[in-house]
Amino acid sequence: MKKELTFTLNGEAITAEVDPKWTLLYLLREVLDLTGTKEGCGYGECGACTVIIDGRAVNSCLFPVMEAEGRSITTIEGIGLKDGSMHPLQTAFIDEGAVQCGFCTPGMIMSAKALLDANDKPTEEEIKDAIEGNLCRCTGYVKILDAIKSAAGGR
Amino acid sequence: MTGYEYYKPKTIEEAIKLMGSLEGARYIAGGTDVMVLLRQKKIAPRCMISLRNIADLTRIDIKDGLRVGSAVTHSAIEENEHIKKRYSALNDATTHLGSRQIRNVATIGGNICNAAPSADTACPLLVLDARAIIAGPKGAREVDLDDFFLGPGSTALEKDEIVKEFVMPPFDENTGSAYIKHTRRQAMDLPILGVAARITISVKDESEVRCRDMFCTIDSISNILSRLKEEGLKCEDARIAMGVVAPRPIRAKKAEAALKGKIVSPELFEEIGNIAAGEAQPRDSIRGEAWYRSEMIRVLTKRALIKAIDRVIRPDEAIYPERLW
Ligand SMILES: Cc1cc2nc3c(=O)[nH]c(=O)nc-3n(C[C@H](O)[C@H](O)[C@H](O)COP(=O)(O)OP(=O)(O)OC[C@H]3O[C@@H](n4cnc5c(N)ncnc54)[C@H](O)[C@@H]3O)c2cc1C
Ligand code: FES
Ligand code: FES
Numbered sequence: 001m002k003k004e005l006t007f008t009l010n011g012e013a014i015t016a017e018v019d020p021k022w023t024l025l026y027l028l029r030e031v032l033d034l035t036g037t038k039e040g041c042g043y044g045e046c047g048a049c050t051v052i053i054d055g056r057a058v059n060s061c062l063f064p065v066m067e068a069e070g071r072s073i074t075t076i077e078g079i080g081l082k083d084g085s086m087h088p089l090q091t092a093f094i095d096e097g098a099v100q101c102g103f104c105t106p107g108m109i110m111s112a113k114a115l116l117d118a119n120d121k122p123t124e125e126e127i128k129d130a131i132e133g134n135l136c137r138c139t140g141y142v143k144i145l146d147a148i149k150s151a152a153g154g155r
Numbered sequence: 156m157t158g159y160e161y162y163k164p165k166t167i168e169e170a171i172k173l174m175g176s177l178e179g180a181r182y183i184a185g186g187t188d189v190m191v192l193l194r195q196k197k198i199a200p201r202c203m204i205s206l207r208n209i210a211d212l213t214r215i216d217i218k219d220g221l222r223v224g225s226a227v228t229h230s231a232i233e234e235n236e237h238i239k240k241r242y243s244a245l246n247d248a249t250t251h252l253g254s255r256q257i258r259n260v261a262t263i264g265g266n267i268c269n270a271a272p273s274a275d276t277a278c279p280l281l282v283l284d285a286r287a288i289i290a291g292p293k294g295a296r297e298v299d300l301d302d303f304f305l306g307p308g309s310t311a312l313e314k315d316e317i318v319k320e321f322v323m324p325p326f327d328e329n330t331g332s333a334y335i336k337h338t339r340r341q342a343m344d345l346p347i348l349g350v351a352a353r354i355t356i357s358v359k360d361e362s363e364v365r366c367r368d369m370f371c372t373i374d375s376i377s378n379i380l381s382r383l384k385e386e387g388l389k390c391e392d393a394r395i396a397m398g399v400v401a402p403r404p405i406r407a408k409k410a411e412a413a414l415k416g417k418i419v420s421p422e423l424f425e426e427i428g429n430i431a432a433g434e435a436q437p438r439d440s441i442r443g444e445a446w447y448r449s450e451m452i453r454v455l456t457k458r459a460l461i462k463a464i465d466r467v468i469r470p471d472e473a474i475y476p477e478r479l480w
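Just so you know, the sequences run in chain order E and X.
Note that the first sequence covers residues 1 to 155 in the numbering used here.
Note that the second sequence covers residues 156 to 480 in the numbering used here.
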């Protein structure tokens with residue numbers, strides 16, 4: 001049976017019809033067409049589905065859609081600046097060559113954004129801690145760390 | 156996936172009543188175990204009763220000891236400075252559980268009620284003498300955590316019951332605790348073995364341990380223990396718990412008894428490690444073989460104990476915490 005939900009998505013209040021058995025990831029990708037958020041494993045292991053809920057990075061593949069009610073959710077589509085330009089993390093990922101196939105990138109950037117929003121001068125250890133739940137098969141992580149450090153420095 | 160209805164009660168009483176009235180219902184907290192089981196088609200609940208929106212379950216209270224609500228997330232525990240200082244073993248477990256994303260939603264109650272032999276918060280709660288406060292249709296009751304675990308996935312919870320919170324006694328400055336999670340990789344891994352220890356110490360005639368500086372060096376554990384022996388450092392009380400060595404997390408009670416009241420020394424710690432290893436019944440599994448786990452219990456029991464002693468001797472933030480224990 002469908003239920004109506006109201007929450008804030010990328011800064012705007014929205015109302016959506018959902019089936020209680022959906023995950024938040026399903027709602028985002030299959031219904032709202034926000035396909036920037038990826039599904040890798042579906043088991044909380046890879047972090048490709050990371051979104052920010054009330055300021056914290058969360059695996060949307062494990063998040064029951066019914067818990068979205070009343071919360072503020074940010075996806076990769078919602079982090080660009082008001083003037084239409086990219087978020088400093090996005091620019092840094094490109095400049096540092098931290099994107100190869102790009103599948104992990106949205107999740108990686110959302111984890112990094114949750115960190116930088118709470119702590120604008122993170123240590124390398126804190127950066128590693130923030131992205132420990134994000135797997136990347138391509139880059140070897142070094143350039144991703146560089147990109148996050150450079151975005152933090154440039155803020 | 157078969158469908159289910161999703162309920163979001165605001166009080167414990169409402170949740171228990173719902174559980175009693177609905178067919179095929181299941182409690183869900185952070186959902187990091189439940190949602191995985193669901194996706195693997197290992198469970199097919201008709202209703203989910205969420206515990207996430209019950210304010211009484213999400214509180215941490217540090218008056219006269221420690222009370223941690225069952226729906227408190229691992230991140231919230233990790234960020235609590237009082238827990239880090241006085242209940243360090245619990246902080247050790249929550250900082251290395253899953254990933255940042257998992258810790259942001261997964262709860263301590265879910266970890267304990269799921270009752271995996273590898274549950275990271277179980278050994279710390281055992282050594283911190285935690286009791287589970289349980290609410291149910293017949294009222295409230297208390298269960299010592301040591302009586303809570305029955306086997307893999309099996310607990311003392313009866314039909315419709317909810318764990319409300321975990322209660323721990325206060326510990327003074329002479330008590331320290333630690334949890335060591337032994338994994339193949341640092342992040343996102345379940346333990347091959349987990350060992351927690353809590354120790355209360357006293358020093359003969361003097362208030363200060365003179366060999367304190369040794370903890371700031373890379374000197375060996377046995378050298379440090381020899382110095383502590385010379386200084387007459389006595390173990391007043393101790394707890395040791397081990398995970399992934401039996402169908403449920405267990406206390407090493409014989410090792411605890413052998414430690415209590417003794418002056419610490421390299422020989423004593425060697426013996427304690429051996430006794431603890433003798434109390435475990437590890438099995439071969441994909442994460443490690445039984446003989447290896449037995450060997451590592453000896454090593455990690457010593458390490459967890461000295462890490463706990465270190466925390467009493469160097470409570471100071473500037474040098475606290477990390478030696479590579
Ligand atoms: C990628 C990944 C990595 C993980 N890594 C680790 C790890 O390193 N270490 C570790 O120990 N675990 C790990 N886990 C397992 C899991 O995250 C933890 O066990 C977590 O603490 C479960 O909490 P939860 O709130 O998500 O539980 P849920 O999934 O919501 O619930 C778990 C079980 O407990 C019951 N339950 C929950 N709360 C209560 C309550 N208050 N009263 C009665 N019953 C209740 C539920 O009905 C369910 O059966 C990992 C899981 C994933 C997906
Ligand atoms: S898809 Fe959610 S963690 Fe992999
Ligand atoms: S860039 Fe390919 S997975 Fe990270």
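Where hints are given, some of them may not hold.
Partial chain X-side listing against chain E, Cβ under 7 Å, derived [what the hints assert, rightly or not]:
no., residue
1, TYR159
2, GLU160
3, GLY179
4, GLY186
5, THR187
6, MET190
7, VAL260
8, THR338
9, CYS371
10, THR372
11, ILE373
If you are wondering where the hints come from, they were derived from the structure by calculation, not from laboratory data.
Cβ coordinates follow ideal geometry from the N, Cα and C atoms, glycine included.
Hints, verified against the model:
no. : hint   : verdict
1   : TYR159 : 6 Å, holds
2   : GLU160 : 6 Å, holds
3   : GLY179 : 13 Å, violated
4   : GLY186 : 6 Å, holds
5   : THR187 : 6 Å, holds
6   : MET190 : 4 Å, holds
7   : VAL260 : 6 Å, holds
8   : THR338 : 12 Å, violated
9   : CYS371 : 20 Å, violated
10  : THR372 : 22 Å, violated
11  : ILE373 : 20 Å, violated
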